[in-house]
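Novice: As given, the protein sequences belong to chains G and C, one line each in that order. Using our numbering, read the first sequence as starting at 4 and increasing by one per residue. Using our numbering, read the second sequence as starting at 24 and increasing by one per residue.
Hint data in this document are derived by calculation from the structure and do not stem from the laboratory. Backbone N, C-alpha and C define an ideal beta-carbon position, used for all residues, glycine too. Each hint should be verified, as a subset may be incorrect.
Unchecked claim - Which bits of chain C does chain G cover? Going by a derived footprint, with three or more residues having C-beta under 8 Å, they are:
(1) 89 to 96
(2) 127 to 136
(3) 256 to 270
Stated by the list, open to error - Straight-line C-alpha distance at most 20 Å; calculated EDC-like pairs for lysine to aspartate or glutamate:
(4) G:51 x C:38
(5) G:164 x C:83
(6) C:247 x C:231
What the hints assert, rightly or not - FRET-style restraints, in silico, Cβ to Cβ:
(7) G:30 x C:230: 38 to 48 Å
(8) G:16 x C:160: 58 to 68 Å
(9) G:220 x C:65: 43 to 53 Å
(10) C:150 x G:264: 29 to 39 Å
(11) G:264 x C:156: 22 to 32 Å
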Amino acid sequence: MIIDVAKFVAQEREVWRELEAILQRMENDPYRRMTLPEARRFHFLYEKTSADLARLSTFAFSPEICGYLESLVGRAHGEIHESREGGRSRSFRRWFFSGFPNAFRRHLRAFALSLAIMLTGAGFGAAALRFDPDARDVLLPFDLPHETPGERVAREETAKKDRLGGQHSTFSAFLMTHNIRVSLLTLALGMTAGLGTALLLFYNGIILGAVAADYVLAGQTKFLLGWLLPHGSIEIPAILVAGQAGFVLGAALLGWRSRAPLRARLRSISQDLLTLISGLGLMLVWAGVVEAFFSQFHEPILPYELKITFGLIELALLSLYLGWAGRPRLDAPLPP
Amino acid sequence: MLLSRHNTLRVHTPEGITFSLLLASPLTRFLACAVDLGCIIVLTSALAYLTRGLGLLNADLALAAELAGYFVISVGYGMFTEWYWRGQTIGKRLLRLRVVDAQGLKLNFNQIALRNLLRCIDMVPGFYAVGGAICLCTRYSQRLGDIAAGTIVIRTPVLSAPDLDQLATDKWNSLREYPHLSARLRQRVSPRTASLTVEAIMRRQDLEPAQRVALFRDLASYFKEITPFPPEATEGVSDEQYVRNVADILFHKFCGVGNVVPATRGGGGGTERC
Chain G
4 MIIDVAKFVA
14 QEREVWRELE
24 AILQRMENDP
34 YRRMTLPEAR
44 RFHFLYEKTS
54 ADLARLSTFA
64 FSPEICGYLE
74 SLVGRAHGEI
84 HESREGGRSR
94 SFRRWFFSGF
104 PNAFRRHLRA
114 FALSLAIMLT
124 GAGFGAAALR
134 FDPDARDVLL
144 PFDLPHETPG
154 ERVAREETAK
164 KDRLGGQHST
174 FSAFLMTHNI
184 RVSLLTLALG
194 MTAGLGTALL
204 LFYNGIILGA
214 VAADYVLAGQ
224 TKFLLGWLLP
234 HGSIEIPAIL
244 VAGQAGFVLG
254 AALLGWRSRA
264 PLRARLRSIS
274 QDLLTLISGL
284 GLMLVWAGVV
294 EAFFSQFHEP
304 ILPYELKITF
314 GLIELALLSL
324 YLGWAGRPRL
334 DAPLPP
Chain C
24 MLLSRHNTLR
34 VHTPEGITFS
44 LLLASPLTRF
54 LACAVDLGCI
64 IVLTSALAYL
74 TRGLGLLNAD
84 LALAAELAGY
94 FVISVGYGMF
104 TEWYWRGQTI
114 GKRLLRLRVV
124 DAQGLKLNFN
134 QIALRNLLRC
144 IDMVPGFYAV
154 GGAICLCTRY
164 SQRLGDIAAG
174 TIVIRTPVLS
184 APDLDQLATD
194 KWNSLREYPH
204 LSARLRQRVS
214 PRTASLTVEA
224 IMRRQDLEPA
234 QRVALFRDLA
244 SYFKEITPFP
254 PEATEGVSDE
264 QYVRNVADIL
274 FHKFCGVGNV
284 VPATRGGGGG
294 TERC
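Could you put together the complete structure from these sequences and hints?
Specialist: Structure (structure tokens):
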């Protein structure tokens with residue numbers, strides 16, 4: 004059987020046009036919900052167009068029309084068979100108090116691994132500095148190797164003018180963007196089955212451990228805590244969350260304890276990855292503001308006790324937030 | 024081991040339909056990326072110009088805004104444009120590329136965000152070296168961000184209405200005089216051969232003269248062999264005209280001789296009879 008293409012097109016054109024119009028409406032307004040009759044009509048048009056495509060591909064030759072119908076069927080197929088939640092806009096309040104902490108808790112093991120690797124790195128950095136003081140120049144970042152902790156504390160506490168020269172906003176923006184970039188890289192390195200993520204966390208741990216050991220060994224623990232805790236109590240957990248996201252990605256690639264195909268595994272974690280990365284982005288924005296406008300002021304302007312207390316309160320609140328926010332209430336009614 | 028690469032992704036629907044998506048080549052994607060890089064440079068330059076004005080009021084705030092703005096533009100450009108234009112950036116629009124779900128499903132924001140956030144690993148150590156290498160090695164030309172997000176980049180060529188007028192002939196079709204033979208011809212020609220015939224007619228202007236003559240001679244011989252028409256129907260008809268007459272018979276139904284209604288233009292062009 005060979006189809007009279009022109010006649011066939013003339014007969015079916017209205018069906019295709021109607022389907023195209025519906026698809027266009029759906030793409031213009033992805034959040035619009037169809038009524039039941041509309042959904043039935045849409046499904047009918049999709050099946051009709053699919054059948055037309057099958058007929059045309061089998062009994063006639065018209066690459067242009069086939070291409071057009073394939074594009075229609077492809078678009079409609081995506082709309083009809085899409086079963087993921089996603090796409091629906093959620094309020095920031097709901098995301099903040101439920102989405103992010105729940106995503107964090109769903110992947111607690113990955114966070115524990117992230118923490119363990121960073122602590123191992125910190126232990127290694129501290130030990131290296133303790134047993135090999137010559138390594139100080141290599142281990143410490145920025146301009147820290149150029150002066151001893153004692154010299155720095157004395158310089159900071161006797162400073163007559165603002166060390167940042169009134170460039171706090173710029174410094175804050177730099178910190179935010181830099182830390183978010185590092186976090187994104189930590190997440191993206193999850194594509195190396197988590198190895199790159201682990202290396203980056205270990206490296207950051209070494210630096211952190213070395214700096215901490217340097218100040219503790221020099222008897223400047225109070226200054227260290229006052230300097231690092233206000234922003235570090237948020238910034239370091241944020242980096243750990245980035246590591247957590249990287250390990251979640253790596254685990255999905257490797258497919259441990261899952262028989263699902265790779266695509267399905269990656270698809271299942273994409274929402275959580277995005278939630279985690281958005282959450283840590285927010286944390287790093289806060290940490291950047293605190294570091295530029297609070298952490299850089301030392302005694303006698305700001306007492307260390309105040310800064311340490313502030314940092315500890317932040318850490319406690321963050322722990323409470325990530326640990327308990329958004330948990331379902333035990334007395335909550337079951338969904339129908 | 025390199026995976027064998029395809030230039031199309033075929034999607035099989037539960038309805039038993041198969042449709043294909045043309046995959047974009049790494050080179051085309053690189054060109055689109057270069058265009059997008061140009062757009063980012065233009066946007067950040069515009070931002071720098073704007074913040075210069077703010078600098079007159081507060082230099083610190085202006086520099087902070089510039090730094091944050093640069094970051095937002097460089098990271099958010101791809102995300103925003105691909106979300107707004109449903110899988111296309113300016114570069115992709117120019118080169119007719121589109122990001123789609125690798126299973127033919129609806130592209131959602133999570134996928135767009137993830138593939139753009141993971142761009143940083145595809146870019147190392149520079150000029151998308153890692154992403155490009157992975158793209159060349161993977162079956163569906165995916166970079167790492169695409170693999171993680173479950174997306175592919177396809178080509179979306181312009182779909183123009185087929186010019187079926189080329190099939191119709193204004194000349195008298197002598198084969199129509201023999202409806203029983205025409206019916207037999209339609210019965211004996213497979214859809215595949217019919218497709219080949221249409222292709223030959225559609226592309227005849229692109230062929231070299233010698234090849235054109237040879238092709239239509241072979242086709243005409245084949246049709247004459249499977250359904251011989253009386254000599255008076257084929258006398259003086261060139262091979263090419265004979266093949267066009269055959270195509271006319273294959274693709275247009277007739278109720279009988281002289282039963283041709285005036286031509287009406289359909290969606291795809293062509294003539295309508297009976």
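Novice: Mind listing which of the numbered hints don't hold for this structure, in increasing order?
Specialist: 3, 6, 8
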